[in-house]
Amino acid sequence: MLQLSRDDLVHAYTQMCTIREFEERVHTEFAGGGIPGFVHLYAGEEASGVGVCMHLADKDCIGSTHRGHGHCIAKGCDPIAMMKEIYGRRDGLCGGKGGSMHIADLSKGMMGANGIVGGGPPLICGAALTAKTLKTGGVAVCFVGDGGSNQGTTLESYNLAKVWNLPAVFVVEDNGYAESTAAVWSVGGSQVKRAEAFGMPGVQVDGHDFFAVYEAAGEAISRARDGGGPSLIHVKLNRYYGHFEGDAQTYRGEGEVEELRDSVDCLTAFRQRVTETSLLEPARLDEIEAEAKALIDKAVAESVAAPAPTEADLLTDVYVKY
Amino acid sequence: MAKKSFRQAVNEALAQEMRRDPTVVVMGEDNAGGMGAPGEDDAWGGVLGVTKGLMPEFGRDRVLDTPISESAFIGAAAGAAATGLRPVAELMFVDFMGVCFDQIFNQAGKFRYMFGGKAVTPMVVRTMFGAGFRAASQHSQCLYPIFTHTPGLKVVIPSSPYEAKGLMIQSIRDDDPVIFFEHKVMYDDEEEVPDEPYTIPFGEANVTREGDDVTVVAIGRMVGFANQVADKLEGEGIGCTVIDPRTTSPLDEDSILESVEETGRLVVVDESNPRCNLATDIAALAAENVFDALKAPIRKVTPPHTPVPFAPELEDLYIPSPEKIEAAVRDVAGHRA
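Taken in sequence, the protein lines are chains A and B.
Okay, so the first sequence: first residue is 0 according to numbering that gives the first Met the number 0, each after it adds one.
Okay, so the second sequence: first residue is 0 according to numbering that gives the first Met the number 0, each after it adds one.
So that you can see chain A by itself, here it is in the shape it has in the complex (with noise of 0.2 Å):
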């Protein structure tokens, strides 16, 4: 914590807001019928994007999942823009072609939010590939799920990146739930104990702790970046909404996502330590939430207003002369 400077708080916290406040607005709109498509809502889950990025620079990749939206954010995509591309606008991040699980900026590392439970791991590995061969000295990094973890893809990834020693850090975020199914039932062993079984590093920390996520963030980064080869943080943390939005959640206990938000919310406690601790002021954390909010408002007025690709856009970005 010590070596964070005010900045960088101002920066986390405006993140994290942003993200929170992406999400619920998305979940609002959503239910009012406006964006089409599923989403998937990362709200509750946004220390462990900020706490990662936060260590990233623009020749750094990540690869995602289809909860993308923080990992975009958390990354540098331009909000508007995104909230442009879930509306499926002319002029969204991906020209309305990606749409929420495929929204990517290759220009600020992201490498694609993913459809594909467990399609990032092994793009990931070649982008780590790309930053060693080229002596980028970037490093490159993978957000998978609890679910994401049990596909074979992810654990060849492991080994593969191990073998290459590529400059790779998995970040294994755990919600408790592959959809409706609980973690604890799908997953063997433990998380930390398959990174050990590659034979790399592996941590487990508590995703609600922005602090907590943010060192073993650095740790593993910086031995990435220094040729130590991969690792792995098993981030174990909650959403507040369901697989998808729609989702009634009758799999989760009652109550347990008002409980959650009461006790483990990661922007209270975020809030709780830098008050508590005097390193950033009430008024000042008020002051960011604020402009999140009316960030994300000028971004869904903007959306909504926007314009709606034509027929003309159907067969550009690919080769079709059909």
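Calculated directly from the structure, the hints in this document are not laboratory data.
All values derive from a computational prediction rather than experimental measurement.
It cannot be assumed that every hint is accurate.
Stated by the list, open to error - Derived DEER-like restraints, expressed as beta-carbon distance ranges: (1) A/G226 / B/N288: 53 to 61 Å; (2) A/K192 / B/G116: 37 to 45 Å; (3) A/G136 / B/R18: 24 to 32 Å; (4) A/G226 / B/S320: 53 to 61 Å; (5) A/L314 / B/E261: 58 to 66 Å; (6) A/A307 / B/D291: 38 to 46 Å.
As the list claims (entries may be wrong) - Within a straight-line C-alpha distance of at most 27 Å, the following computed DSS-like cross-link-like pairs (lysine-lysine) qualify: (7) A/K297 / A/K235; (8) A/K107 / A/K192; (9) A/K134 / A/K161; (10) B/K117 / B/K51; (11) A/K134 / A/K192; (12) B/K294 / B/K323; (13) A/K161 / B/K51; (14) A/K292 / A/K107; (15) A/K297 / B/K117; (16) B/K231 / B/K294; (17) A/K235 / A/K161; (18) B/K117 / A/K58; (19) B/K117 / A/K107; (20) B/K117 / A/K134; (21) B/K231 / B/K299.
C-beta atoms are modelled at their ideal positions from N, C-alpha and C, and glycine is treated no differently.
Knowing the structure of chain A, use the given hints to seat chain B on it.
Relative to chain A, chain B alone:
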């Protein structure tokens, strides 16, 4: 000009592109071989020796041996391509697409479109295909129709050593993911191949024989068979135009349709299984666009709709043969509308 085998042609293309462009890397199972083992380095150079000699010249950092983990390393090739390398990954046999197809068709093949044109994925997947090696059901399939079906992928099927070199160099320089099919029975085929690098553009068919009576579109190894048939029948007064599309995606529709308009007869020879294959696709293309020019029913020469059998007697019956092509050409030529 020196004669070179199909194997040498591909190897030369890889070596020349690796010399020209330091971002080109090669990866796959046993591409050098002997990694971590006590014996010889570059022990294999690929299971059939196509990448032999690359590791001694370019080193282990650019000729990467991999664990037997196709999902991981084909996906790594996609990720590396999206971030600045030009990987050539070897999927040893195309039959193994089943263990890594997600990384090809949902990841690499979709990036450019799905990310609104902001990503390129200049990767090549080299893969062996085709029957005739007595390798049976799981090492003998064609499967290029499945890749051709997927927008975002380019599909290249060279029919000779000369074609293989020029198309491989083009594949490496292309900014889209390319699936490059190497017929395993053709590796020792030889013909004159220039020493210097050259490219053959995608989507431009090659007309290997010209004749007025029948258009024969053939793919990969079938091009040589079609040429044999054309040469034989020319002496009998049946003129065949043989068209090698070279790439099934993009497909040079114009060359095929223009030829069928002139001859009025079409035979398509395709070594892949007949349901939803290229023969079906090309037949539909002609029926839809130049129906009035047709003087005879379109004929397809394909294997039966079965897995590739093991017994040599059965496998030989399975593969479209020059005799079957000849029979089809004679049949359509007999329709004198």
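So, going through the hints one by one against the coordinates:
1. A/G226 / B/N288: 53 to 61 Å: Distance hint for A/G226, B/N288 holds at roughly 58 Å.
2. A/K192 / B/G116: 37 to 45 Å: Once the Cβ atoms are compared, 43 Å apart, the range 37 to 45 Å for B/G116 and A/K192 holds.
3. A/G136 / B/R18: 24 to 32 Å: holds (26 Å)
4. A/G226 / B/S320: 53 to 61 Å: holds (56 Å)
5. A/L314 / B/E261: 58 to 66 Å: violated (30 Å)
6. A/A307 / B/D291: 38 to 46 Å: holds (40 Å)
7. A/K297 / A/K235: violated (33 Å)
8. A/K107 / A/K192: Given that 27 Å is the threshold and the Cα spacing comes to 32 Å, the pair is violated.
9. A/K134 / A/K161: It holds: about 18 Å lies between the C-alpha atoms, which stays within 27 Å.
10. B/K117 / B/K51: violated (36 Å)
11. A/K134 / A/K192: violated (31 Å)
12. B/K294 / B/K323: holds (21 Å)
13. A/K161 / B/K51: With a Cα-Cα distance of about 25 Å, the restraint between A/K161 and B/K51 holds, given a limit of 27 Å.
14. A/K292 / A/K107: holds (23 Å)
15. A/K297 / B/K117: Since the Cα atoms of A/K297 and B/K117 sit roughly 25 Å apart, the hinted pair holds (cutoff 27 Å).
16. B/K231 / B/K294: holds (22 Å)
17. A/K235 / A/K161: holds (24 Å)
18. B/K117 / A/K58: holds (16 Å)
19. B/K117 / A/K107: holds (11 Å)
20. B/K117 / A/K134: Judged against 27 Å, a Cα distance of about 23 Å means the pair holds.
21. B/K231 / B/K299: It holds: about 20 Å lies between the C-alpha atoms, which stays within 27 Å.
In the structure shown, a violation is registered for the earlier hints numbered 5, 7, 8, 10, 11, in ascending order.
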